[in-house]
Amino acid sequence: MRSLSWIAVLFTGVVLFYTAPSLPPIGDPESPASSHVSPYYIENSVSDMATPNLVTTVVTDYRGYDTLGETTVIMTAGLACLLILGFWTPMRRHPTETDRLSFGSPVLDAAARLLVPYILLFALYVLFHGHHSPGGGFQGGTLLAAGVILVRLVRGRDCGWGVDREQAVRLACSGAFLYYAVGLITMLMGHLFLDYSKLPLPLTAAMRRNMGILGVEIGVTVAVAGTMILIFDCLHATPHEDREAEVSAERAGAEGHT
Amino acid sequence: MSLHHLLDVFVWLMMAGGFFFIVAGIAGVLRLPDFYTRLHAQGKCDTLGVSLMLGGLAIREVAHGLEHGHDMLGPVLTALKILGILFFILLANPTATHALGRAALYSGLKPWTAEDGAAEDSTP
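As you go down the protein sequences, you meet chains A and B in turn. The numbering used here applies: residue 1 is where the first sequence begins, and numbers increase by one. The numbering used here applies: residue 1 is where the second sequence begins, and numbers increase by one.
Derived by calculation from the structure, the hints in this document are not laboratory data. As the structure is a computational prediction, the values presented were derived from the model and not from experiment. Check each hint, because a few of them may be wrong.
Stated by the list, open to error - Computed spacing ranges between beta-carbons, pair by pair:
#1 B:34 <-> A:63: 50 to 56 Å
#2 A:21 <-> B:71: 33 to 39 Å
#3 A:55 <-> B:3: 38 to 44 Å
#4 A:24 <-> B:109: 37 to 43 Å
#5 B:96 <-> A:26: 55 to 61 Å
#6 A:191 <-> B:103: 32 to 38 Å
#7 B:119 <-> A:110: 36 to 42 Å
#8 A:193 <-> B:68: 50 to 56 Å
#9 A:203 <-> B:23: 35 to 41 Å
#10 A:35 <-> B:103: 49 to 55 Å
#11 B:68 <-> A:201: 45 to 51 Å
#12 A:21 <-> B:2: 50 to 56 Å
#13 B:13 <-> A:35: 50 to 56 Å
#14 A:35 <-> B:10: 47 to 53 Å
Note that the Cβ used here is the ideal one computed from N, Cα and C, for glycine as well.
So here's chain A without its partners, still in its complex pose (with noise of 0.2 Å):
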């Protein structure tokens, strides 16, 4: 089995090195890549859907399929982690005893008490700014994420917003689903699925466009805070229950120590 693996591995990196040298060289406006598609994009993402940002544009837009397909894929994970590593653990249960404890110091309290705002509002910088620098709905949800997983690291579980696991699944669940239902609508309204310029908005089709956008990144951003949350629930549960004795004693001697 393991020479198996070894053979796997030595010829997939022989196939790769033989065929790297043929892959055109970065940058070159001769290879396919950059002599077909993304002249369009260049030339009529503004005009198209008023977003500058090229990388917002094809992510959601002209590739709208292939980032639903990857907000499905991050949902599926973080069930999938659920699945996994939350099996032994019952999903409806009295907080513990470890629940409770929190790693928080005074020190510790302060600072997530000043940075945990800023976080916050620069998830919503990068969610709502995308349109125009770099950001979008994946870096927003991750950085929402840090904001809830830094408050429940510091103050315990209970201080987690009420964000406990089955939230979490709510929010990656509800957030993949904003995503099909910004398509679902275009189809109710008669025209093809994720075709934003059809949304029922009273607005121009480009700015209809660039909503639809904004919808679905907002979409992204849910489906990836929520499962950010649920991976680092599902890690940070303790299985066993007498590893709650073991930490408070530890606990109490430490606090002697010091």
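Starting from the structure of chain A, add chain B where the hints point.
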């Protein structure tokens, strides 16, 4: 000797100071005997060194704008962004050091003491 020359002197002093403290922090990590002392060296020296470096960069941005007579809005904006980074590093770096030390203490790592040093010296 105009204003931007004076600012450049400040920039060089701050950058050299930052360099010194970062090197001192690395030396501390390499030379000190246990986790807590290394943490102490790295936490303090990195915070001070990086703050001096970033402060120097912010002043350098303003001095560069003055030197070339640009519109000052851009350089001042960049300098303010660098100062923002500086503020968050000043907050987050010592806090992270504190959290690491606390976690090590809670997980049962015993601090190094003078007796440990004496024992190490006596064994060849």
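Here is what the structure says about each hint:
no.	hint	result
1	B:34 <-> A:63: 50 to 56 Å	holds (53 Å)
2	A:21 <-> B:71: 33 to 39 Å	violated (47 Å)
3	A:55 <-> B:3: 38 to 44 Å	holds (41 Å)
4	A:24 <-> B:109: 37 to 43 Å	violated (53 Å)
5	B:96 <-> A:26: 55 to 61 Å	violated (36 Å)
6	A:191 <-> B:103: 32 to 38 Å	violated (55 Å)
7	B:119 <-> A:110: 36 to 42 Å	holds (39 Å)
8	A:193 <-> B:68: 50 to 56 Å	holds (53 Å)
9	A:203 <-> B:23: 35 to 41 Å	violated (57 Å)
10	A:35 <-> B:103: 49 to 55 Å	holds (54 Å)
11	B:68 <-> A:201: 45 to 51 Å	holds (46 Å)
12	A:21 <-> B:2: 50 to 56 Å	holds (55 Å)
13	B:13 <-> A:35: 50 to 56 Å	holds (52 Å)
14	A:35 <-> B:10: 47 to 53 Å	holds (51 Å)
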